[in-house]
Amino acid sequence: EHFYGSLKGQFQSLQEMHFQIQNQQDLEFANMWMHCCLILHNMILEIEEDLGVVSSN
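Using the working numbering, you'd call the opening residue of the sequence shown number 4 and step up by one each time.
Take every hint as true, because none was put in to throw you off.
Computed Cβ-Cβ distance ranges for the label pairs, DEER-style:
id: 1; residue 1: Gly-55; residue 2: Gln-28; range: 39 to 45 Å
id: 2; residue 1: Gly-55; residue 2: Gln-15; range: 22 to 28 Å
id: 3; residue 1: Gln-25; residue 2: Val-57; range: 39 to 45 Å
id: 4; residue 1: Met-20; residue 2: Glu-51; range: 20 to 26 Å
id: 5; residue 1: Phe-22; residue 2: Glu-49; range: 27 to 33 Å
id: 6; residue 1: Asn-26; residue 2: Val-56; range: 38 to 44 Å
id: 7; residue 1: Asn-34; residue 2: Leu-54; range: 27 to 33 Å
Calculated directly from the structure, the hints in this document are not laboratory data.
Even for Gly, the Cβ is constructed at its ideal location relative to N, Cα and C.
Based on the provided sequences and hints, a complete structural model is requested.
Here you go:
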């Protein structure tokens, strides 16, 4: 839950992601959205590490 909260703080789109999962397509959409945010999060961490930036997370 802490990690999800951290992601929500970093990606505004996750804070506004309010919808009911009513079918398989909705579930796949939510899963893909989270997956994209996780990839971006990891890319940001790698870039910050390469640049020597100290992250507040």
